[in-house]
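Those protein sequences? They're chains A and B, same order as listed. For the first sequence, full-length UniProt numbering begins at 1 and goes up steadily by one. For the second sequence, full-length UniProt numbering begins at 1 and goes up steadily by one.
A hint or two may mislead.
Straight-line distance between alpha carbons at most 25 angstroms, and here's what the computed SDA-like set of lysine to any residue pairs gives [claimed, not checked]: (1) A:K374 - B:A107; (2) B:K283 - B:R359; (3) B:K374 - A:H55; (4) A:K283 - A:S115; (5) A:K220 - A:E404; (6) B:K315 - A:R153; (7) B:K283 - B:D421; (8) A:K315 - B:D97; (9) A:K315 - B:G101; (10) B:K283 - B:N218; (11) B:K220 - B:E135; (12) B:K374 - B:D344; (13) A:K443 - A:K283; (14) A:K220 - A:K443; (15) B:K246 - B:E47; (16) A:K374 - B:R102; (17) A:K374 - B:R153; (18) B:K220 - B:E132; (19) A:K374 - B:A98; (20) B:K374 - B:A417; (21) A:K315 - B:R153; (22) B:K374 - A:E109; (23) A:K220 - A:G44; (24) A:K246 - A:A73; (25) B:K315 - A:R102; (26) A:K315 - B:K246; (27) A:K315 - B:D93; (28) B:K443 - B:K246; (29) B:K374 - A:K220; (30) A:K443 - A:K374; (31) A:K374 - B:D97; (32) B:K374 - A:A98; (33) B:K283 - B:G413; (34) A:K315 - B:A417; (35) A:K374 - B:E109.
Since the hints were made in silico from the structure, they are not lab data. Model, not experiment: these values are computed from the prediction.
Protein chains: 2
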Amino acid sequence: MRRALALAAAGFLTMVHALTPTAPAKAQAPASQAGRVQRVVSPGGVEAWLVRQTHLPVLALSFAFRGGTSQDAAGREGTGNLMAAMLDEGAGDLDSDAFHGRLQDRAIEVSFAASRDLFSGSLRTLSEHRGEAAELLRLALTRPRFDAAPLERMRQSILASIRRASTNPGSIASDTFWSAAFPGHPYGRRGAGTLDSVAAITRDDLIALHGRILARNNLKVAVVGDITAEELGPLLDAVFGELPAKGGLVAVPDAVIAATGERRVVPLDVPQATISFGMPGLKREDPDFIPAFVLNHILGGGGFSSRLYQEVREKRGLAYSVSSGLAALDSAGLVTGGTSTRNDRAAESLAVITAELQRIGTEGPTSLELEQAKRYLIGSWALRFETSTQIASNLLRIQLDGLEPDYLDRRNGLIDAVTLDDARRVARRLFGAPRMLVVVVGKPEGL
Amino acid sequence: MRRALALAAAGFLTMVHALTPTAPAKAQAPASQAGRVQRVVSPGGVEAWLVRQTHLPVLALSFAFRGGTSQDAAGREGTGNLMAAMLDEGAGDLDSDAFHGRLQDRAIEVSFAASRDLFSGSLRTLSEHRGEAAELLRLALTRPRFDAAPLERMRQSILASIRRASTNPGSIASDTFWSAAFPGHPYGRRGAGTLDSVAAITRDDLIALHGRILARNNLKVAVVGDITAEELGPLLDAVFGELPAKGGLVAVPDAVIAATGERRVVPLDVPQATISFGMPGLKREDPDFIPAFVLNHILGGGGFSSRLYQEVREKRGLAYSVSSGLAALDSAGLVTGGTSTRNDRAAESLAVITAELQRIGTEGPTSLELEQAKRYLIGSWALRFETSTQIASNLLRIQLDGLEPDYLDRRNGLIDAVTLDDARRVARRLFGAPRMLVVVVGKPEGL
Numbered sequence: 001m002r003r004a005l006a007l008a009a010a011g012f013l014t015m016v017h018a019l020t021p022t023a024p025a026k027a028q029a030p031a032s033q034a035g036r037v038q039r040v041v042s043p044g045g046v047e048a049w050l051v052r053q054t055h056l057p058v059l060a061l062s063f064a065f066r067g068g069t070s071q072d073a074a075g076r077e078g079t080g081n082l083m084a085a086m087l088d089e090g091a092g093d094l095d096s097d098a099f100h101g102r103l104q105d106r107a108i109e110v111s112f113a114a115s116r117d118l119f120s121g122s123l124r125t126l127s128e129h130r131g132e133a134a135e136l137l138r139l140a141l142t143r144p145r146f147d148a149a150p151l152e153r154m155r156q157s158i159l160a161s162i163r164r165a166s167t168n169p170g171s172i173a174s175d176t177f178w179s180a181a182f183p184g185h186p187y188g189r190r191g192a193g194t195l196d197s198v199a200a201i202t203r204d205d206l207i208a209l210h211g212r213i214l215a216r217n218n219l220k221v222a223v224v225g226d227i228t229a230e231e232l233g234p235l236l237d238a239v240f241g242e243l244p245a246k247g248g249l250v251a252v253p254d255a256v257i258a259a260t261g262e263r264r265v266v267p268l269d270v271p272q273a274t275i276s277f278g279m280p281g282l283k284r285e286d287p288d289f290i291p292a293f294v295l296n297h298i299l300g301g302g303g304f305s306s307r308l309y310q311e312v313r314e315k316r317g318l319a320y321s322v323s324s325g326l327a328a329l330d331s332a333g334l335v336t337g338g339t340s341t342r343n344d345r346a347a348e349s350l351a352v353i354t355a356e357l358q359r360i361g362t363e364g365p366t367s368l369e370l371e372q373a374k375r376y377l378i379g380s381w382a383l384r385f386e387t388s389t390q391i392a393s394n395l396l397r398i399q400l401d402g403l404e405p406d407y408l409d410r411r412n413g414l415i416d417a418v419t420l421d422d423a424r425r426v427a428r429r430l431f432g433a434p435r436m437l438v439v440v441v442g443k444p445e446g447l
Numbered sequence: 001m002r003r004a005l006a007l008a009a010a011g012f013l014t015m016v017h018a019l020t021p022t023a024p025a026k027a028q029a030p031a032s033q034a035g036r037v038q039r040v041v042s043p044g045g046v047e048a049w050l051v052r053q054t055h056l057p058v059l060a061l062s063f064a065f066r067g068g069t070s071q072d073a074a075g076r077e078g079t080g081n082l083m084a085a086m087l088d089e090g091a092g093d094l095d096s097d098a099f100h101g102r103l104q105d106r107a108i109e110v111s112f113a114a115s116r117d118l119f120s121g122s123l124r125t126l127s128e129h130r131g132e133a134a135e136l137l138r139l140a141l142t143r144p145r146f147d148a149a150p151l152e153r154m155r156q157s158i159l160a161s162i163r164r165a166s167t168n169p170g171s172i173a174s175d176t177f178w179s180a181a182f183p184g185h186p187y188g189r190r191g192a193g194t195l196d197s198v199a200a201i202t203r204d205d206l207i208a209l210h211g212r213i214l215a216r217n218n219l220k221v222a223v224v225g226d227i228t229a230e231e232l233g234p235l236l237d238a239v240f241g242e243l244p245a246k247g248g249l250v251a252v253p254d255a256v257i258a259a260t261g262e263r264r265v266v267p268l269d270v271p272q273a274t275i276s277f278g279m280p281g282l283k284r285e286d287p288d289f290i291p292a293f294v295l296n297h298i299l300g301g302g303g304f305s306s307r308l309y310q311e312v313r314e315k316r317g318l319a320y321s322v323s324s325g326l327a328a329l330d331s332a333g334l335v336t337g338g339t340s341t342r343n344d345r346a347a348e349s350l351a352v353i354t355a356e357l358q359r360i361g362t363e364g365p366t367s368l369e370l371e372q373a374k375r376y377l378i379g380s381w382a383l384r385f386e387t388s389t390q391i392a393s394n395l396l397r398i399q400l401d402g403l404e405p406d407y408l409d410r411r412n413g414l415i416d417a418v419t420l421d422d423a424r425r426v427a428r429r430l431f432g433a434p435r436m437l438v439v440v441v442g443k444p445e446g447l
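All chains should be built: construct the whole structure from the sequences, respecting the hints.
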């Protein structure tokens, strides 16, 4: 039973999910998944991608507005995160308790989240309650109250989590890494904010950010469930139609990871050293993204079978887990990774990781590794299309990546088409002369 | 955003799930769900219920052996729990790392768990890897190694969780409640064991318990996925065929909750008082179970709309959450419930809860409450049939409850058929003269 590892793996999947090609397994998929996607444009002009499924009386709706925590004003970091916590804490005529009561009585689930580039959310409801669900989502998105009592409750909850994170080696390593990698850039800030910034956020800050981000020109929507295109149009207008046509996003400049070649040690009195590392990677639209995605699976994305895992854990027992991943953000692309190891083995662990990056950069993967990785990535994707919410989330991601529904049919072919030459070329590009930013938290010996 | 409440609600659902009628929503369900269930008996005599689904290349298998933590030997409490943690920590020729590597390389998920009455598990795999998945599950069930190194690792992990629980008010309240309710009975012991008992468990204890519980005469199996009955038979024999035909379960005597009418206060220096309460309830086979299930939804199972929630939280602000549930165990039936409240309001909270039990016992629910509860329970059930694993789990529960596949078609009708007279009669039976065992952990004033 490996809870810690399972959690780490889930975290990795989440990260890759946010930037990964999308489609069911080649062998088993129907001839065309894309053919099931309808592009619905409401009378009011709101577009959504719809997959109609009638085998369950459930409707799932996922949406995202471009502009996440990167839109927080300076000194008010954490505003987007606090707004996500507040949208279901009272809206329209309903206070926090009344709003939650209406949701719970009909088993309606709504959620909101702010990441670096997106403010996103989802809705899940029984089909029979979709009118009520749409009304509650409309209220949350267009008439949030930001009442004082729940605002203070959420603020205190977030402050408590920031305090907890301030003593957590993994959080310290992550915060230190991102602030060193992107100094002066929104990506360098912590999305949840700081104790000072969260304490300073006012109701007016929330209202201002809400007005800048939640607008129809920033919006993508995906819907899965027992609803026709004709029925969906009016529902889209009901939920999103009152939002302003245009928001006021601040441009986030493109950035490249800084401080590469540097190593920063944050002293902390703990038995394990936590290592975070990163280097320049690729954005999603880069033509090399798919080969890089396959290559990363071989290097450190593929769990037990990955090179980092085999070398660091299996052969040397240096760590319980080690992994790497692609972080393809809107304004920057990175390869990141990390591990935790005994303080007296931290230097050796980092040396092994560095050597593996250099080795794959020089030699590329083997043809056997490439075939196994492609087979795994093509086959396992189907596991992420089981629920309505998963399908909606994948459809949303494809839209955000600027792709068309046909990508559902093309994705596995693109992975299958990665040649050994492709993989070697991208390996040289990414790891041919790796210069990493490394952050170590703990009492590492010899670092 | 209500994480704490959502978690509480999820916990409640889990509990009810373990004892609840099962079927999709009436309005939307196909004419016969039961008609989709095939009873497959393998050449070797292993029976499983199968729902064939071909829209995803995924196979889910759920199984359970009667005999859970109640089978732990005296002084060795926690053996079943430790066994659940150990089955995937090495089996056959594969050590712990090799076993997990094989699972992860093919994205195969296995899990095991021990509850009071059951030792259960599940498997989820891509269809293309079902042969490998079956082989790994066979090894885990029939050839577990119980190697020394992972055994000590799991033991230490469990000991750490027991230590954490020993300072957690909710865990203390639960342990105190069950030990007072069932003194000298297996239900009175903590399933995870104690610091002493877990330290004392030997490899031979694991082997002995394994031999007593994991036998074919204790076994129920449910399978959902892209597999035919003809293909499933040999797979069942491959996985379960090597298990002994008969186990050696110790009889667990029927029991009735003791110490009713008593109140036990466990002093703990915390600002909140945690209250657990319970009284005699019903076993699953009781003819009044379905009316009691609906009644409990009205009393304290239905979240925001429930009487306890309205009276304790909404009207008086005494607690953030309060709920009740039916615990229908194999050898005892209970109504249980609980809340957390400020120490200086603990007495008032308990008085309000007691008054509500008496009120519903005397008056029963209103016809409006009954209709709303029935509508919610009938409609929301469909939300639990979305994934293959959920469907398999529900099919397994129906078997364990001694019911037939036609229950899938009958369940919502049974709920719909509960009359106001039924609800009042069962309310009188359960709450007409409520005598509760109450446990309070904290520094409650006036208790």
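Next on the checklist: Please list, smallest to largest, the hint numbers that this structure does not respect.
Outcome noted: Violated hints (numbers, rising): 12, 13, 14, 17, 26, 28, 29, 30, 34; every other hint is consistent with the structure.
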